[in-house]
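Which chain is which? The protein sequence lines are A and B, in order. Note that full-length UniProt numbering gives residue 203 to position 203 of the first sequence, counting from 1, and the numbers run on in steps of one. Note that full-length UniProt numbering gives residue 247 to position 247 of the second sequence, counting from 1, and the numbers run on in steps of one.
No wet-lab data here; the hints were simulated from the structure. The beta-carbon is built from N, C-alpha and C at its ideal position, and this holds for glycine as well. Just so you know, not all the hints are guaranteed correct.
Derived coverage of chain A by chain B (criterion: at least 3 residues anywhere in the stretch with Cβ under 8 angstroms from a Cβ of chain B; other residues may be distant) [claimed, not checked]:
#, stretch
1, 305-317
2, 407-416
3, 432-443
Some, not all, of what chain A presents toward chain B, calculated at C-beta under 10 angstroms [what the hints assert, rightly or not]:
#, residue
4, Ile-321
5, Thr-324
6, Leu-420
So the chains spell out like this:
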Amino acid sequence: MSTITDSEDPAAIAALDGTESFLERVLAYPRPAAVWTVVALALFALEAGAVAHFVATLLVDLVRALPGTYDPAAFSRLASATAQVPTLLSRETIPNAGYWNGRSFVGTFLQLPPHLAWFLRVGLVYVYSFAFVAWIWVGFDRYRRYYRAADWSPRDDVIDRFRNHYWGIFGLVVVFMFVVMAVFAPALGPTTVEKNMQNPYGHTITHWDAEQNEPTQVTVGQANRASQSRGTRTNNVAPLSYDQFGRYHPFGTLPTGRDLFTFIAAGARISLVIGLLSVSLSIAIASTLALLSAYYKGAVDLSFVLLSDAVMALPQLLLLIMLTVVLSGTWIGNLYNGAFVLALIFAGTGWPYMWRSFRGPALQVAQREWVDAARSFGQRPTAIMRKHMLPYITGYVLIYGSMTLGGAIIAIAGLSYLGLGVNPPTPEWGRAVNAGQPYVDTVSWHISLIPGVLITLVVTGFNALGDGVRDAIDPESDSAAGEAGGRGGGA
Amino acid sequence: MSRWRYLAKRFLMAIPVLWLGTSMTWAIIFLGPINPATYVLGQTNPQNQAAVKAARERFGLGEPPLEHYTEFMINMVTLDLGQTWLLYPGTPVMSLIFDYAPRTVWLGFWSVLIAVFVGVPLGFYAGLNSNSVSDYATSLTGIVWRAMPNFWLAIMLLALLVKSETITQALFGIPISWDTFLVDINAITGNPQLSYMQGNPLALVTQPRETLAAIKKILPAAVVLGSASMGNEMRIGRTAVLETRSEQYIDTAKAKGVSGRVLVWKHILRNALIPLVPIVTSEAFLLIGGSVLVETVFGINGMGKLFFDAAIQGDLWLVATLMFIFIILIVGINIVQDLLYTLIDPRVGYERE
Numbered sequence: 001m002s003t004i005t006d007s008e009d010p011a012a013i014a015a016l017d018g019t020e021s022f023l024e025r026v027l028a029y030p031r032p033a034a035v036w037t038v039v040a041l042a043l044f045a046l047e048a049g050a051v052a053h054f055v056a057t058l059l060v061d062l063v064r065a066l067p068g069t070y071d072p073a074a075f076s077r078l079a080s081a082t083a084q085v086p087t088l089l090s091r092e093t094i095p096n097a098g099y100w101n102g103r104s105f106v107g108t109f110l111q112l113p114p115h116l117a118w119f120l121r122v123g124l125v126y127v128y129s130f131a132f133v134a135w136i137w138v139g140f141d142r143y144r145r146y147y148r149a150a151d152w153s154p155r156d157d158v159i160d161r162f163r164n165h166y167w168g169i170f171g172l173v174v175v176f177m178f179v180v181m182a183v184f185a186p187a188l189g190p191t192t193v194e195k196n197m198q199n200p201y202g203h204t205i206t207h208w209d210a211e212q213n214e215p216t217q218v219t220v221g222q223a224n225r226a227s228q229s230r231g232t233r234t235n236n237v238a239p240l241s242y243d244q245f246g247r248y249h250p251f252g253t254l255p256t257g258r259d260l261f262t263f264i265a266a267g268a269r270i271s272l273v274i275g276l277l278s279v280s281l282s283i284a285i286a287s288t289l290a291l292l293s294a295y296y297k298g299a300v301d302l303s304f305v306l307l308s309d310a311v312m313a314l315p316q317l318l319l320l321i322m323l324t325v326v327l328s329g330t331w332i333g334n335l336y337n338g339a340f341v342l343a344l345i346f347a348g349t350g351w352p353y354m355w356r357s358f359r360g361p362a363l364q365v366a367q368r369e370w371v372d373a374a375r376s377f378g379q380r381p382t383a384i385m386r387k388h389m390l391p392y393i394t395g396y397v398l399i400y401g402s403m404t405l406g407g408a409i410i411a412i413a414g415l416s417y418l419g420l421g422v423n424p425p426t427p428e429w430g431r432a433v434n435a436g437q438p439y440v441d442t443v444s445w446h447i448s449l450i451p452g453v454l455i456t457l458v459v460t461g462f463n464a465l466g467d468g469v470r471d472a473i474d475p476e477s478d479s480a481a482g483e484a485g486g487r488g489g490g491a
Numbered sequence: 001m002s003r004w005r006y007l008a009k010r011f012l013m014a015i016p017v018l019w020l021g022t023s024m025t026w027a028i029i030f031l032g033p034i035n036p037a038t039y040v041l042g043q044t045n046p047q048n049q050a051a052v053k054a055a056r057e058r059f060g061l062g063e064p065p066l067e068h069y070t071e072f073m074i075n076m077v078t079l080d081l082g083q084t085w086l087l088y089p090g091t092p093v094m095s096l097i098f099d100y101a102p103r104t105v106w107l108g109f110w111s112v113l114i115a116v117f118v119g120v121p122l123g124f125y126a127g128l129n130s131n132s133v134s135d136y137a138t139s140l141t142g143i144v145w146r147a148m149p150n151f152w153l154a155i156m157l158l159a160l161l162v163k164s165e166t167i168t169q170a171l172f173g174i175p176i177s178w179d180t181f182l183v184d185i186n187a188i189t190g191n192p193q194l195s196y197m198q199g200n201p202l203a204l205v206t207q208p209r210e211t212l213a214a215i216k217k218i219l220p221a222a223v224v225l226g227s228a229s230m231g232n233e234m235r236i237g238r239t240a241v242l243e244t245r246s247e248q249y250i251d252t253a254k255a256k257g258v259s260g261r262v263l264v265w266k267h268i269l270r271n272a273l274i275p276l277v278p279i280v281t282s283e284a285f286l287l288i289g290g291s292v293l294v295e296t297v298f299g300i301n302g303m304g305k306l307f308f309d310a311a312i313q314g315d316l317w318l319v320a321t322l323m324f325i326f327i328i329l330i331v332g333i334n335i336v337q338d339l340l341y342t343l344i345d346p347r348v349g350y351e352r353e
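Isolated chain A, as found in the complex (with noise of 0.2 angstroms):
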């Protein structure tokens, strides 16, 4: 690929030598950056509002867990008033709980059916999603077009090796949707957690009474009931239906009559919340233990081998449950529902599994001459670690990563499933599983059947993106490596 016959402004470019600074070849010809930005930030003010809230209430959860002297209210307020910046996709834009006034829809978005507002949403959310995908990808082609100084960098071909990997690419799709439905869970529900599940007596909705005749008013709590799944033709709402009130169940109910899509949604957060810190924390422990091993060796390495071994020798799905019983009920086990608790134990068991896969490439990497020469030449110890190391197992770091990421998953599942791991109000996937485990063979089989398809899927993606990413990487590399970790435990 040559950057300068590409260019619409050859001149430009072609005085530029490779020398200059990112910011001066940028400069030199701004045009394609100008144009990308300003997309890009168009893009992002379509959804400002919710990142600033989404920031406001992380500060306030903060504030209200750490013990300190700060005024919680100051920032509740802030994240009030970031509610208030309009977004695109939001409930309040596309509203799709409205009632029948007899006539026609009211307060649905341009007075379509509920069920249409919802999917056009829906479908906006993830078509904003992955436009923004797409445009971010623009630009990191335009930075390999005309600002990057080499023609050619050993990552491109691994991008394009990635680009053919079909089986790679369903996996990044898979994720990334699971991703979205994470990130835009509150949009993305036919109704919120907290009117559905938190406080359902404090909120009331309308719906056309065909006996009166008239919309009338009834709290979501007797809504819920009057809607539950339990198994028999008359008490059930299926999946795609509405209930007698009106409201629209993309997912149908659970037994409690609230909303399953809602539930999975809020669900998908916290699994993904857990599962990204508990990963990134023992990618953090493994890889720092395996460049320490791989750099001194003998003794050093010794010790990490008798210690990972021990971890290891704890069935990991009981160490969990000890953990998770051991640790309910303290101060650190009720931080965000006891999601974060979680995320600590899995990252505290799970590392070793991890570090076993990076020790390999880590040991490989200091026996090369490069790592002998910045020894010799003085260099210190964590620098030669973190600049000539680092960077050849970050690889093994991302394949891990995703496989470790979908077991992690199953695991909370499985746990949440058992009633531990995060504090019972909080939606989790494997309670809806539990919580459908005697209608699975009536008319209510949706409620354990889709949160376990969906558990399939999105580890499946997981594994797929693993496989694709290690290909990429490495073509000739064992395709089968690293089982244990992809499977949380057993769970």
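Fit chain B to the given chain A structure using the hints.
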């Protein structure tokens, strides 16, 4: 000689691992934020200081940590596992384990066996017919099968078995109930009846009816518990066959005119089995962890269920002792795995030095 030295080293390494693992368990349970004494007293009278103190004394919790630790370690090493506090108060832990373990062993045995006898042949088949439609179908099934959460798979399988009559009616036109298929079992879930073998292991062969019933009872749980392993074995079997096929000795064998059948059975499949050995043994991790969920769903009173109940009810002594047993099991399985590996592939001892 080197091989023996390798194994001796392996044994020596197991001791600190065992010690570290057990110490961690002790630290989590007895240094953690939980107060086992109040757990034992339960809701009845946690405010009663005298009762709390008495309970602490009884379980030796009043001792200084170091003393308690030494005592705990000595008790464990000498297999003096003491009594449970809560679950079945006063029952010796050892007799509980002897009660519960056979069911888990039975479950684990069949889940390994099913996984091996279904997963490996399928993987080999896929590898021998690589890049065909059947290869893709098998591989995809294996991947999805592996990604399914055990507990969910168990629930779905149970639902299918409950509806077995309707399903077979629709598929084959004859209603076959799982309950009465081949041998009668009283319920789909529950414990397998293994008591007929008590004191008479030969009954396994002499009383085939009971054996068959016990197998049938454990079969759905074993299939679920082995599901992840089955997927792994399929994948690795496939890769192993692919790799063996491209070895030079296969070309040599072909060149000297070895028939296709001998080539596949003698030269490819036998060598492809080597990488599968450590996989099968390392699955013990998954089996022990997975047994908690599978035994819970299928209502089998095995070790996993026992551990879970003990953890939930706060019988921390039982939790600690069971954990110790599991650690011994896993460390032991690891040693057996290395032993097998050195026997099958003599290069190992030298490589891993």
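Status of the hints after comparison with the structure:
1. 305-317: holds (count 12)
2. 407-416: With 3 residues closer than 8 angstroms to chain B, the stretch 407-416 of chain A meets the three-residue bar; holds.
3. 432-443: Holds: 4 residues of the stretch 432-443 of chain A have a Cβ under 8 angstroms from chain B.
4. Ile-321: The hint holds - A/Ile-321 has a Cβ within 10 angstroms of chain B, the shortest such distance being about 5 angstroms.
5. Thr-324: 9 angstroms, holds
6. Leu-420: 8 angstroms, holds
Violated hints for the displayed structure: none, as all numbered hints are satisfied.
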